[in-house]
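One letter stands for each residue in the lines below.
Protein chains: 2
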Amino acid sequence: MPSSLFDQHRERLEQAVAACRARRHWSPFPEVPSGRIYGETAAEEGRRAFEARLDKPFELDQPSSGERLGSERSPYGFPLGISYPAPDIPAMLRSAKGAMGAWREAGIEGRVGVCMEILQRLNRRSFELAHAVMHTTGQGFMMAFQAGGPHAQDRGLEAVALAYEAMTRIPPRVVWEKPVGKGRTARLEKLYSVVPRGLALVIGCSTFPTWNSYPGLFASLACGNPVIVKPHPRAVLPLAITVETMREVLREQGFSADLVQLAVDSAGAPITTALATRPEIRLIDYTGSGAFGDWLEAHARQAQLFTEKAGVNPVIIDSTDDFAGMTRNLAFSLCLYSGQMCTTPQNLFVPAGGIATDEGRKSFDEVAQGILGAIDGLLSEAERAAEVLGCIQNPDTLERIDRVAAAAGDAVLRASTPLAHPRFEKACLRSPLVVHAESGEEDLYMREWFGPISFLIEADSTLDAIERAARGARERGAITAAVYSTDGEVLAATAAAMLEAGVALSENLTGGIYVNQSAAFSDFHVSGANPAGNATLTDDAFVAPRFRFVQRRRPLAG
Amino acid sequence: MPSSLFDQHRERLEQAVAACRARRHWSPFPEVPSGRIYGETAAEEGRRAFEARLDKPFELDQPSSGERLGSERSPYGFPLGISYPAPDIPAMLRSAKGAMGAWREAGIEGRVGVCMEILQRLNRRSFELAHAVMHTTGQGFMMAFQAGGPHAQDRGLEAVALAYEAMTRIPPRVVWEKPVGKGRTARLEKLYSVVPRGLALVIGCSTFPTWNSYPGLFASLACGNPVIVKPHPRAVLPLAITVETMREVLREQGFSADLVQLAVDSAGAPITTALATRPEIRLIDYTGSGAFGDWLEAHARQAQLFTEKAGVNPVIIDSTDDFAGMTRNLAFSLCLYSGQMCTTPQNLFVPAGGIATDEGRKSFDEVAQGILGAIDGLLSEAERAAEVLGCIQNPDTLERIDRVAAAAGDAVLRASTPLAHPRFEKACLRSPLVVHAESGEEDLYMREWFGPISFLIEADSTLDAIERAARGARERGAITAAVYSTDGEVLAATAAAMLEAGVALSENLTGGIYVNQSAAFSDFHVSGANPAGNATLTDDAFVAPRFRFVQRRRPLAG
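If you're matching them up, the sequences are chains A and B in order.
Numbered per numbering that gives the first Met the number 0, the first sequence spans residues 0 to 557.
Numbered per numbering that gives the first Met the number 0, the second sequence spans residues 0 to 557.
Fair warning: there could be bad hints in the mix.
As the list claims (entries may be wrong) - For each label pair, taking beta carbons as the anchor points, the in silico distance ranges come out as: (1) A:Thr184 x B:Ser33: 36 to 46 Å; (2) B:Gly182 x A:Asp357: 23 to 33 Å; (3) A:Glu66 x B:Glu488: 41 to 51 Å; (4) A:Asp6 x B:Pro178: 25 to 35 Å; (5) B:Pro178 x A:Pro269: 36 to 46 Å; (6) B:Ala419 x A:Thr184: 53 to 63 Å.
Derived by calculation from the structure, the hints in this document are not laboratory data.
None of these values were measured; they are calculated from a predicted model.
Beta carbons: idealized from backbone N, C-alpha and C, even for Gly.
Just chain A, same shape as in the assembly (with noise of 0.2 Å):
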């Protein structure tokens, strides 16, 4: 007799449980792509998995209104020719609707215990995981694998613990005795059951489609709601595979496959807002642009959202005793995944006056050569610079680089340029763009350039820097906020703003570790407390609303 799911993974649902407390480094899922770990055949295996989906239609057993959509096409030169099932929305609905009864009767065990399953079956699909999020998102190779891997996993796990944490906080029974005079006692049994809200959405996005969606989907999902997946139409695939994986677990359990469905639309023909707006619709979790994740919030107000949005993240450069050190950690967030994450920062702010370093006072020029040049010398090897700066996403990043560079004129310090890359030979690849702006130019700097484009801002002081960064964090929002100074009163002054503003603050990072990296289990991902979204992956509150405990008493012998 085999052991239940919940029995098999209660080993590492215990040890999340905790890491989502200890808050220190922890992870079951190796970020490392080696043959050592996933078989020496594992890559390989990866990669033709992938290719083989590539030119054909996707097959989902799922109500469909029976024609096909797709039109993805890899930002690095070709088209996927991948079709997906066009969604029937009211089938799919009552199909999850159908299916909820018996996923609540599942139990908290029972239903974690397939989430737990999933996870694991997703890290064993990590390659072909890896090669759609590379060609769907752009990312390099290895930023896929991680990102749109085992640190999605991660994420996903860290849900997964949270939920069952919150779930099982109360026991589900409970002998009430309470003493009512003269020596006698009146005592109820009482039951807690925990029910869910309702059907789940959750709205992927085009960079990071299963990092940002694998919390939402698996706390939905674990708190006993089933889940309609709307990927964001340039990035499908991953979903695609996520879902087929989930479906097929659940069918092996013996429950309906449709309490997670793919609903696949198209720029042409959206289906978010009419989808997010229905009333079976009573959880939403999105990432993506604020203007859309605005319109949410006025619009979609049935269900409990969850979201993350964008803003417009600042570094303080005020001094620092590691010039190479922190020009070069700097060069690296910029150019990362070409400035397509939602933790790069935009606004580097340094003094007018200049700054001390351990290599003598540097002049605002030389602070922004010392970037510069860093820039340069991480893409100067072209293997290298197609690893780390991936493709451009999207045509409208490329058109938002030659607005901003327009209308900079005279203030670009630094041209995007295109360049080659070394295997892909249609790939978008483009270098930074980096413009000086005054710091008056609110106008200009004070709003989200998504993609590589970032300014260099000549701020009067360093208090002036922390003012407008914290100042654009609370207004604008900010997922990320960085500092470099040497000065305890600056960091203590900065640490002040940034906690007021509500955006998480890495101070003189000159090494390995960036900025825009975000640790599952310990780093939280977008605080809540500004503009930049309203949860935090991930945080009680964010899967503490999408269950409900409802209880039944009687009375027992006294």
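Go by the hints and put chain B onto chain A.
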């Protein structure tokens, strides 16, 4: 050197945290208004303190327009004659915002210690609060003491305990160490701070001004959010005394008293809509009518909103082995505070074919007669009737009674009649109106009729009763449901239907526990899973969104 408030109250706090988890009976605030517990002079001093409030200005040293407001009238038949400072909302918001920084800096233990001390002080004022609650809500003295004093304090403590637990679930500082290959380790120090969401608004109701307000009030304050308390114009005094006590403790501890302010308005010039939509207000706790709750959900979108609205609470009467106990229990539930509880049953479903009982088979009419007889019995003694019924709080309720009685005509099974109060000549006491309804008359009974108005509904069968009761809860909301049956299958079917409808179910209550009652630390009040409200008193989802973790990280030498 006196220990901190946190240390002084630590033991009680830890017990409260454990009680929230164990969900067994526990309370540190004695519910018996006894001189042996509260001190032999407490009752008399409380009465005098209340009387000293009458016909005077209530002084609160907070931002005010300089005018005074107040037109409270005791439902026992006299004006209170108390005037309160009219608010200067912009100045109050400014002052609250200005006080937030120091309150955040006080830290979790600092804030929780203050909240614990406030609850202790409020407990000592339970007699004064009892009179204030009695003469604003119209509750009988005993209920006003218990629900307005110790039980409300329990609910406040429950919220503080859960907020404390949520804020301390992760450490304030960790060292994160990640092996990065070749024997090297990346090391970061990470600091996590609790950041409040912003200003909080608590909108009180007229029937349970303290019990329903304390959870949101204390949860928000403990998490660092300054609170504006907006009492119902008919029930200001209990919250004014509460705010006075809170400001006193805050000031003693060196904080700005404006962390808690009272915003009084009048029925003729209400301020709630303007206040609730101010951008500074980030949290709202609301108890009251469904209509205004819906308005808040539609308009106060800048805030996280916690609502307790209303619903149609069903009872399903299928069979019983204690007919006398059942009818006595139901009669008490219908009479208690004249049905002016959000937990009072409204729709009693009885199969048209009658039910099996320990006294033999009873027809529908005999069940009706049993319940009506039990009501008459309960109200036969004037002193007891007055204590159980209390007064009608709002003249609108009298109109509602008349409207339903007129519409029902011959279907009135028991008219609502005036009763004399043994001591208060002008008190407005009314016995319950009970109306017969056909199951098809959903237009009549499938909406909330607040007050002593209930329907005895002739259902086709028990299954028909369960189906209609559950649908009412799903579509119109319900806070409580009850079932009487000796049949395990009926109980199971009812439990399944009520679980699906997200409503708490009480089974076969025939003794001294009533469906209306909800015990802190054990019973969840309102499920949040149907239209009766979107939140529960009190679970993690009620506290976790009131703060955010904001982090700071920096490299440590490897």
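Against the structure, the hints come out as follows:
Thr184 of chain A and Ser33 of chain B have their C-beta atoms about 19 Å apart, which leaves the hinted 36 to 46 Å range violated. The hinted window of 23 to 33 Å between Gly182 of chain B and Asp357 of chain A holds, with their beta carbons roughly 27 Å apart. At about 46 Å, the beta-carbon gap between Glu66 of chain A and Glu488 of chain B stays in the expected band of 41 to 51 Å. At roughly 30 Å, the beta carbons of Asp6 of chain A and Pro178 of chain B sit within the given window of 25 to 35 Å.
In this structure, Pro178 of chain B and Pro269 of chain A meet the distance hint of 36 to 46 Å, their C-beta atoms being roughly 44 Å apart. Under the hint 53 to 63 Å, the C-beta atoms of Ala419 of chain B and Thr184 of chain A, about 37 Å apart, miss the expected range.
In this structure, the hints that do not hold are numbers 1 and 6, in rising order.
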